[in-house]
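Student: One-letter residues, chain by chain:
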Amino acid sequence: MFTRKSLGLDDAKRALDAILGALTPADNPIALAVADDHGVSVLCLRQDGAPPRMLRRARAKAYTAANLGMDTVVFRDDVVKATSRTLDDWGDPMITTLQGGLTVRSAGEVVGGIALSGNTTTRDEGLARIGLEAMGVA
Amino acid sequence: MLTNPTVSLEDAILAASAALAAAKPGDGPVAVCVTNENGDTVYLVRQDGTSAVDVRNAERKAYTAAFIGRDTSVYRAQLAHDGRTVADWADERVTTLSGGWTLRRESQVIGGIGVAGSGGEDRDERLALAGAEAAARLAVDAWRAQRGPRP
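Residue numbers (the numbering used here), protein chains in the order written: chain X, 113 to 250; chain C, 253 to 403.
Because the hints were derived from the structure by calculation, they are not lab data.
Using N, Cα and C, we set each Cβ at its ideal position, and we do this for glycine too.
Among the clues, some could well be false.
[To be verified] Pairs of lysine to any residue, SDA-like flavour, derived with a Cα cap of 25 Å:
hint: 1; chain 1: X; residue 1: K125; chain 2: C; residue 2: E358
hint: 2; chain 1: X; residue 1: K125; chain 2: X; residue 2: A138
hint: 3; chain 1: X; residue 1: K125; chain 2: C; residue 2: D300
hint: 4; chain 1: X; residue 1: K125; chain 2: C; residue 2: L272
[Unchecked claim] Simulated restraints, written as ranges between beta carbons of each label pair:
hint: 5; chain 1: X; residue 1: T232; chain 2: C; residue 2: M253; range: 25 to 33 Å
hint: 6; chain 1: C; residue 1: S303; chain 2: X; residue 2: R165; range: 25 to 33 Å
hint: 7; chain 1: X; residue 1: D122; chain 2: C; residue 2: D343; range: 30 to 38 Å
hint: 8; chain 1: C; residue 1: G372; chain 2: X; residue 2: D122; range: 48 to 56 Å
hint: 9; chain 1: X; residue 1: R165; chain 2: C; residue 2: R389; range: 26 to 34 Å
hint: 10; chain 1: X; residue 1: E245; chain 2: C; residue 2: E344; range: 33 to 41 Å
hint: 11; chain 1: X; residue 1: L199; chain 2: C; residue 2: A391; range: 55 to 63 Å
hint: 12; chain 1: X; residue 1: D204; chain 2: C; residue 2: L254; range: 54 to 62 Å
hint: 13; chain 1: C; residue 1: D300; chain 2: X; residue 2: R165; range: 47 to 55 Å
[Said to hold, decoys possible] Calculated from the model, a selection of chain C residues having no Cβ within reach of chain X, i.e. all distances over 10 Å:
hint: 14; residue: L261
hint: 15; residue: E262
hint: 16; residue: D393
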C-alpha cells in the first residue's frame, strides 16, 4: 500500500477566493476548475454570463495539467509541437493543449491541477497562477 | 424575443451550501452539482473523501433533473410505468439514480441539483431536496419583492 496526496476542498476554496479577488472589471466572466491528482474535479464554477464551453475547457485544462503533470502550455510547446504529434496520439478526449491549466505540486509530487477559461489564454494562466500561489501547497 | 430564467452562480452556491448543511452524522462526504436548465454545470463542489464516481453521478443527476425536467426518482417511476429504460434516451449523461431535483421558477425549469456519496440514494435525495428547497425559497422571496408590501 502507499498513500497519495491530493488537493482538498479547502485548498480549492483558497484558490477561488484569491482569483475572485484578482478579477478586474476588464475581465470576462470566468470558469474555474480545480482537479485532484487524478484530474477528477474538486471545485468547478462558472460565473454568470460565462458560456458552458468555458467550464468544459477549464475542466479539460485542469485534467490535463494534473494527469500529465505539466502545465498545458508546456505540454503544447515541449511535447505536442516539439514532437510534431497531434492530440489524437494520447487517445484521451479530455487532454487539451489550451493554455491556462497549471499542475499543482506539493514537495515535487503532483497533487492536482487548476485552470481557468473565459479570457485570453495568457490571462487565464495568470489568474490560475494567482490561485495556485494562494493554495500555498508547494 | 425570449427571456429565459436560469440559475445564477449565486443561486447555485446557495443551493449547494444548503444541501451540504443538511448532512447528518453518518452521512458520507458528498459531491453536489448545480446545473442550468440545459444541464450545463454552474457549480460543482466535492467534499474531501468523495470518490470520483460520486462526482460523476452528482453531475449526471443534476443534468437529468434539469434536462429531462423531472426529479430523478420520478423519472425512474415513469420509465418503469412506461416499460422503458434510460437507453431509450440515447444520452450517457441521463440517470435514474435518486438524488436529482429539478429547480423551477414560475413553473419553468431553471436548472437542476444533484447529490451523490452520502451512502444511500434516499439520503442523497434528502440532501438534494434541501438544496432545491433553498432555491425555491429564493423564488418566493423574489416574488414577494416584486409584489411589494401587502396593502
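Student: So, against the hints stated earlier in the document, which numbers end up violated here?
Tutor: Per hint list: 1, 8, 11, 12, 13, 14, 15 violated.
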